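Put together the whole structure using the sequences plus the hints.
In the working numbering, the protein residues as written are 1 to 326.
Hints in this document: simulated from the structure, not taken from any laboratory.
Keep in mind that this is a model prediction, so the values were computed, not measured.
Any given hint could turn out to be false.
Within a straight-line C-alpha distance of at most 25 Å, the following computed PhoX-like cross-link-like pairs (lysine-lysine) qualify [stated by the list, open to error]:
| hint | residue 1 | residue 2 |
| --- | --- | --- |
| 1 | Lys121 | Lys324 |
| 2 | Lys324 | Lys287 |
| 3 | Lys287 | Lys121 |
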Amino acid sequence: MKNNRLTCGAVYKARQPFYKGKMKDDPRLADIIYPGTEGHVVLLGFPYDEGVGRNGGRLGARQGPQAMRAWLRRYGTVYNPEFGVELSRLRIADAGDVAVGLPLEQAHAALTAKVAEILEKGGLPFVVGGGNDQSWPNMQALLDAYENRPVGALNVDAHLDVRPLIDGQAHSGSPFRLMLEDARFSGEHFIEFATQGSQAAKEHVEYVRHRHGHIHWLSEIYMNDDALGWFNAALGRVSWDCDAVFVSFDLDSVRMADCPGVSCPSVMGLRGSEALEIARIAGLNRKVKLFDLSEYNPLIEEERTGRLAASMFYHFCLGVASRKEV
Numbered sequence: 001m002k003n004n005r006l007t008c009g010a011v012y013k014a015r016q017p018f019y020k021g022k023m024k025d026d027p028r029l030a031d032i033i034y035p036g037t038e039g040h041v042v043l044l045g046f047p048y049d050e051g052v053g054r055n056g057g058r059l060g061a062r063q064g065p066q067a068m069r070a071w072l073r074r075y076g077t078v079y080n081p082e083f084g085v086e087l088s089r090l091r092i093a094d095a096g097d098v099a100v101g102l103p104l105e106q107a108h109a110a111l112t113a114k115v116a117e118i119l120e121k122g123g124l125p126f127v128v129g130g131g132n133d134q135s136w137p138n139m140q141a142l143l144d145a146y147e148n149r150p151v152g153a154l155n156v157d158a159h160l161d162v163r164p165l166i167d168g169q170a171h172s173g174s175p176f177r178l179m180l181e182d183a184r185f186s187g188e189h190f191i192e193f194a195t196q197g198s199q200a201a202k203e204h205v206e207y208v209r210h211r212h213g214h215i216h217w218l219s220e221i222y223m224n225d226d227a228l229g230w231f232n233a234a235l236g237r238v239s240w241d242c243d244a245v246f247v248s249f250d251l252d253s254v255r256m257a258d259c260p261g262v263s264c265p266s267v268m269g270l271r272g273s274e275a276l277e278i279a280r281i282a283g284l285n286r287k288v289k290l291f292d293l294s295e296y297n298p299l300i301e302e303e304r305t306g307r308l309a310a311s312m313f314y315h316f317c318l319g320v321a322s323r324k325e326v
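Laid out in C-alpha cells, this is it:
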C-alpha cells in the first residue's frame, strides 16, 4: 500500500463544505464535511438492500445513507469540551454513494473500487449501508491494500453472518463466510462480538470455530456488565497481531429500545451509549483502517436509529481526532 498519509492542518482543496451552518458561534460536524474522496475520515454510502431481501429480511436499508446524512446536518459540536477534542484538526469528506440501480454483484464491485480509492489516498473509510452484505466488498478492498500483510476483522453483530451463499449469490447473512474462505485472511484474526445465542445456528458456530475464529457472546459480555472492557480487549487482541483492522458494526447488535430501525430488531443487545463508545474506541485505535455501519432501515423507524447512526459517525471522528498521529 502506498504511503499517502494526510497531515493535520493541510489546506483542503474544496472551498465550501457540504452543509452550510447557520450558527457561527456553534459550528457542528456537518459544517466541516467536504465533498470528495480525500480526507482523514471519508464517509461513503452503500444504498442497497437486495442482499437483505435475499436473506429473507425486511427491505428499506437502501435508504439508510440518505437518512443518516439528514441527521448529521446539525449534529455534534466541532469542539467537544467533554472529551477536549477539536474535530477541525481533521479533514472529513463525504464521497457520496455508490451509484444506484446496479445489479448487486456490480454494486459490490463498485463499492470495493471506491473503498480502495479512499484507502489509496490515505483516508479512513466509514461506510454506511445498506445491508450487511457490504462488509465483504469492503474487506476485499482492505485485503488488497494490505497485500501479504496480516489483516484483522471484528464484527459487532447479534448474528454471525456466515451463512452459505444462496444459489451462488452473496447476501446479508454471508459476508464473513466469504471473508473466512478467502486465502488471504486468517480466521485467527477474526472476532464475532456481542453475538446472541438465539440468533446463531449451531452449524454456524461450529463453522466459525472450525475456521479458528472467536465468538464473544452477549451473555458473557454482560456477565460483569463490562461491554466496553470486552470490546477494548477484543480490539486490542486483533490489532496486536495485525497491520490493519476492519471493524464492522451491524446496528441490530443494539437493543431495540435504543435502535428499533433495523431489519431484525431484538429486545436484547448493546446499549446505545455503548455503541457510541465502541465507535469512539475504534476511531482511536491507529490500526483500525476501515469501519462500516449496516442495516439502518428508516422505513421501520427513522429518528432514534438515525440519530444513533449519526452519533456513531461523530464519535468515530472524535476517536480519530484523538489519535497521537493522524
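These are the hints, each one checked on the structure:
{"no.": "1", "hint": "Lys121 with Lys324", "verdict": "holds (20 Å)"}
{"no.": "2", "hint": "Lys324 with Lys287", "verdict": "holds (12 Å)"}
{"no.": "3", "hint": "Lys287 with Lys121", "verdict": "holds (17 Å)"}
When the structure is compared with the earlier hints, no violation turns up for any of them.
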